[in-house]
Every structure is written in C-alpha cells, then in structure tokens.
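A.B. asks: Take a look at the letters that make up each chain.
There are 2 protein chains.
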Amino acid sequence: MALIVQKFGGSSVKDAEQINNVAEIVTSAYRAGNRVVAVVSAQGDTTDELEAQGLAINPSPSKREMDMLLSAGEQISAALLAMAIEELGCPVVSLLGWQAGFETTSTHGEARIRRVRVERILKELDQRRIVVVTGFQGVDRYGDMTTLGRGGSDTSAVAIAAALKADLCQFYKDVDGVYTADPRKVPGARKLDFISYDEMLELATLGAQVLHNRAVEMAKKYNIRLEMLSSLTRTRGTIVKGERKMEEMLLSGVTKDDNTARISVIGVPDRPGMAFKIFSTLAAKGINVDVILQSIGRNGTKDISFTVPSPKMEEAVALIEEQRENWGVTDIISDEDVAKVSIVGAGMETHPGVAAEMFEALFSQNINIRMISTSEIKITVLLDKADGDRAVKAIHDKFFGDV
Amino acid sequence: MALIVQKFGGSSVKDAEQINNVAEIVTSAYRAGNRVVAVVSAQGDTTDELEAQGLAINPSPSKREMDMLLSAGEQISAALLAMAIEELGCPVVSLLGWQAGFETTSTHGEARIRRVRVERILKELDQRRIVVVTGFQGVDRYGDMTTLGRGGSDTSAVAIAAALKADLCQFYKDVDGVYTADPRKVPGARKLDFISYDEMLELATLGAQVLHNRAVEMAKKYNIRLEMLSSLTRTRGTIVKGERKMEEMLLSGVTKDDNTARISVIGVPDRPGMAFKIFSTLAAKGINVDVILQSIGRNGTKDISFTVPSPKMEEAVALIEEQRENWGVTDIISDEDVAKVSIVGAGMETHPGVAAEMFEALFSQNINIRMISTSEIKITVLLDKADGDRAVKAIHDKFFGDV
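Top to bottom, those sequences are chains A and B.
First residue of the first sequence? That's 3 in the numbering used here, and the numbers climb one at a time after it.
First residue of the second sequence? That's 3 in the numbering used here, and the numbers climb one at a time after it.
Calculated directly from the structure, the hints in this document are not laboratory data.
A couple of the hints might just be wrong.
Intra- or inter-copy, both count: the list cannot distinguish identical chains.
[As the list claims (entries may be wrong)] Below, computed lysine-lysine pairings styled on DSSO-like, alpha-carbon distance capped at 27 Å:
| # | residue 1 | residue 2 |
| --- | --- | --- |
| 1 | 223 | 167 |
| 2 | 314 | 193 |
| 3 | 304 | 314 |
| 4 | 387 | 193 |
Chain A extracted, bound-state conformation (with noise of 0.2 Å):
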C-alpha cells in the first residue's frame, strides 16, 4: 500500500467535466489499495478573477487582504472534488491550508512554508478516507492566510508528500509528461521516461511549463519521487528523481523562452566592483538577472551585457540611466526582441562537444549567436526572437531527430 500525493491544476478542476474526471483518477488510486492525498488549485482562471474583482475595488490592496480574497478560491475547488469523490462512494474529507497544518511566513502573496502538521492528514488517511488539501494557501503564526505565490500549488504538494514521506508525488497537467522540445511546436519531440532534479531545474529556469523551481528545489531536497502525466490521457508520464542511470538519454530537451530582454551597459569603467555595483542595484528591486557576459576590458572600459525577464526591462534600464553619470557608464542598449534557447542534459559535462554540435545547427540555418552561456548541464544562446522556433527545431533535430 503506497501513499500518494496527486496535484491537479486549475485546468483539471476547471468544470464539472473535469472535476468529475479527477475524481475519477485519484478514486481509481485509492481503489488499488493506496492511501491519497490529492492536492488542488483554484478552478480555472477563478484566482485571476477573484484579483481582478479586488483590484476594482481598491487598485492597491494591502497583500494581506488579497491572500484573504484569493484563498477562497482553492476552497471551493477542494469542496467541489470532495463532493465529487463522495459521489463515486468513497470516503473523503477536504481540508484547508490551515487545517492541513500548513505553516507560513507572514510574507503575504510570497509566503515561505515553515513546516506541515500532517497530524490532522494522517488521523484522516488512518481512517481510509481519501483526503482533498488546498494547494497554494497556509496560516502564518498570528493565524492569518496567507498565499505561497506562483507555482503554490506544486510546492504545496512536494511539501505534504515530504511530511508525509510519500511513496509518489504525481503532478496532473495539460501535458502527459516531460518532454525533449514543446511537442507542439517540434513535430519530433519525445517524452522522456526519467528526468533528473537537477535537469528539470534547468527546464523550469528556462521556461518550459513544466513545474515550479521551488517545488522542484523541495522534491531534491527531500528526495521525493515525483510523476509528471496528463489528467486526459491517463498514460504513464515522466518521472523524477535523483539521478538518471549511465545508459539513459544524455541530453533531456531543448527549450525556449521569449519572456526576455537584453541590456547591455557600454564603456563601463574597468575597475573593481562595477559589476557588484550594477547587479546590486537591481537585485535591490527585485530584478533577477539570467546570463551575464562581460567583455575583456579594453581602453580601460568594459562592456557588460545580461538578460532580464521582459516586463523588468524599462525598470532595470531606468535604474541604471539614474546611476549612469555617477557610475561612468558611455551608453545603455536595451533589447526585447531576443530568445533564449537552451539545450539541458545532465551528462552534458562529460562531453564537451555538445556545444559545438550545438553550434553547427544554427550556423546550418544561418542563425546568428547574440550571447552564448553554459553551465554543467546546459548550454544557452540568445538569438533574435525571428529565429527562436526555427533554432529550437534545428537543436532538437540535431540531437532528438534520428533517434
């Protein structure tokens, strides 16, 4: 008898319809002798909407009161599942973030978990009811809710699945599993049957919609077995663990990521601290900076070029424009029109002609190389955003297309 945890999303609760298929599932696993805790997020966009109607109201509401708001929206998901689990006759009980025993910082909107009180869930699963958590949400420690932010829902099921030493953490998404490149984009794509930690970090960093850094960081941390599979096809999906075996895939996908923008600091004076100077100015507002490259100083000036998300670009530009006279800095270019396009692969290391077969690829379609950055277990260029689909398919092709 194992005990799983089961995530679903917001689009597999997003309807009756749905609701109904998921109950199938997680009853289906319990059926087959396991105990199940089955995870949820808001229905559909309900967390968007409920934002949306809060914001009519009050443009810039405290975080406390949107966290009040916006957690009732996995209360009527988990509700919902309840009565539907109930309706195939099983045994079953919803529970809140607070009665799950999910302990949180007080930072609202971006809570940290402390830790789960799995008291209340195991006295429940001792009772062989099938138990339906809340994701996203938890108490602090003057008992006010709070919201775990983005990719909530999937740190809220590592986290149970940890306290809980789960056998199985199974995450229900669009898709059924990880894949080698975005299969609707790359006719070729493969999905993986095993995928280490570490190269589903670097999936997550580089914008595959496959599941959140933080409940990735979590899983490793705990070593948590987890699945990824679709809540449609009812296939086997991709699992994660610590290290893939020797004979496995070397490389495990091509990704690409438009959400980026380049900005690049010309004549920055070439003296010590000018980097801490610039990264330290963003970081203070909260800007996180991918790719750094810094050209070799020449005529005592250097150029420093880096990658923001897209929506941070006009503040990070302005950030330094303010501090430009006082820094000696000649120019500041900025450009959104970039891809970042990675290949990921954990045995990346021990063969270094990976980057040059890399290389090849693009040259081959006359794609032009805007930045290069590497890492043991990837490799990324930036290119113009044009190129992006068409660099992802020669990549895949590459590495993924005979096999």
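Take the given structure of chain A and dock chain B to it, following the hints.
C.D. replies: Relative to the frame of chain A, chain B by itself:
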C-alpha cells in the same frame, strides 16, 4: 466612544458600488470615534450559486463539504469590503469565522454558536482597526468549517455584539426600518421608531422579512440594542429593545405569510394521545407546525387542523396517510391556497377589542376567515390566498390608516 456592530446583507455587498457604499458607512462610524465591527453576508446570490455548482456535481453531498463550499462566499465579500475600507484610508482587518473565534456545534448546515472567543477581535479593535467578520460561518471542535443555516449572518452579528458587550448592533437591509405593514403593498404603512424583542419575534415568525428569529432571541437574551436601517437612505431606522414605553403605539404591524398550507385531519377518534401522535410524527421529520385548531368532539370523533410551510405540505400529508388506518382517521384534506394574516402588538392583551375590530375590518371587505388563532401579542387569521392583500390593507387602514 461606542462599540458598534454593523451587519450588511448580501444585497448590500452585491457589487463594487454597493461595497464602496458599505465602506462609506463603516468608515463614517469609525471616524466618528466609534469602535466598529462589520459583519458581512456573501455577495448577492453567491451562496445559491455555489450551492448549485455543488449540486450539479453531487445531488446529495455531505453537509460538511457543502459548508466548506458555501463558507467561501463570505470570505470573498469580507476581503473585498476590507479592501474598499483600505481604499478610504482606514486601518482594517478581515477575519473568517474561525479567526473571529466562532465556535459552533458540529451540525453542519445548521450549526449553533457555542461561544465567540473575542480575543482576536478585541486585539484588533485595541489597535484602532475596523474589523470585518464573515457572517454565517464558524468552526466546530474538530476544526471543521460550519455554517449557521437560515438567518445565520444575522445571528453572527448579534453573537459578536453580545460577546463584545456592544452598545448597538445595526442591521442594514433593503428597507429602512420596521413598518406597520409591507410598505410596497400598503401605501399607508408607517415606519416604527421602536419595537420590542417580542414583537420582532412575532413579525419574523409571521413571515415579515425583518430579522431572523434566532438573532432576535439572542438579542433578547443578552439585551442587545438593535437597529434596523437601510444602507441606501442613511436615515434613522427602527430601534429594537427590551420594552416599549406606555405611550407608544399599541399595535406594531400587520403581516402576511403566503408560504403556508393548511392540513385538516378529519374524523380523528376522540381519545387521549391522538394529537400527540400526529404532531410527534411530523416533528420527528422536522416539519414545523403552526396555528393548531381542534374541533369539539362529536360522535366520538374530532377534526384537527393546522398549518405547515407550503414546501412541507406533501410530506406531512404522506406521513399522516401512512398511519391513517392505524390511527383510524377518516380523511385528510390539504389546501395550499391560503394566506396567514396577523396583527401584532405588545399591548394587545389588555385591549380585548382588537380582535373584534380586526374581524370587523375583514367582514367589511366580505373576506371569509378560515381559521383563527390568538396569543398575548398577536391575532392570526387564515384566509383564501386571493384575499390576502385586501385583508392586510383593510386591517391596516382600520388600525393605522388615520394616524
């Protein structure tokens, strides 16, 4: 500095405009130097809509899960009202039933309040915050969400007022007070400045849409001063308190209840225990019986007539039909086509002429009386439904027309 509890019903918070209006009322009271607790219902038809959504998935869900589903409604309206109050620049915090200390029985769907632990509310009031509390909901000893059933939010407000020893508990409704008759139907209806708890109880029992009996009973028990007023007109409403002064008007109003049906059990054997058998059978199924009349026995049999709420008529008839042979009853007659019209007033007991004047008013309109029942502070007659409105007008004209 007074402590005021303000209760706002679903129609008072049904959209952003109404919520902003409520926020104005609450902040006005706060800025006048009062400590203010606002109790809110769910927006407009939210409760009905949530219930329908649940029943579409499971026609007979557990009451526990229905409570979980429905209690999301007040959570949304409370958060939105708090945001509207923030927008007006006042410090505010919204609290759910469990956060506000509402401890109830475990009778899901119609839980009773065991007590209100007001520590958290007091702490917030002491920090000069407005406190918005969700009505209708609480938590049982197992930490499960409960709802209070019909009239629950009104009861929540009085319970908080009692626990806080509030100076006043205001109910903002569609109408701006308690009237001598339904002002939409009787042109001469007048608003009362004062009314006693007992009179309010009679009015509520008789179907006047004023305040739920549970709330009035609790107010009477704890001697909480109530005010019935409108969220739209901002004029003085009707005060409900312990005793009315002698010089105040004798009669408080005329009411009509269309939602009633008459059942007559014909040829009941004239021996002890028959009435007990009939009414205990109905009570066991939760059917409330009103206006009971028993004919004088003749030929060893008697007839017992009574009224039940219309939706319960068929069930009540079926229950008696089951025992018909067993009890030796001749016939069962039921009639939905009736209206219950009453005149209510604290001073009635000392003025025997009231009944006679009421009957005269009906006679003058050629209206046939089907049943009569009297108590110390009310006289009720059962009429053909078609005569209902005419009867109310005739009685109202007689007693209040020339004031």
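A.B. asks: Are the hints correct? Go through all of them and say.
C.D. replies: Evaluated hints:
For the homomeric pair residue 223 and residue 167, the shortest alpha-carbon distance inside one copy (12 Å) is at most 27 Å, but the shortest distance between copies (52 Å) is not. When the C-alpha separation of residue 314 and residue 193 is checked against a cutoff of 27 Å, the pair qualifies neither within a copy, at 33 Å, nor between copies, at 60 Å. For the identical chains of this complex, residue 304 and residue 314 are intra-copy neighbours only, at 24 Å inside a copy versus 86 Å across copies, given an alpha-carbon limit of 27 Å. In this assembly of identical chains, the alpha carbons of residue 387 and residue 193 lie at most 27 Å apart only when taken from the same copy (26 Å versus 71 Å across copies).
Against the hints set out earlier in the document, a violation occurs for number 2 only.
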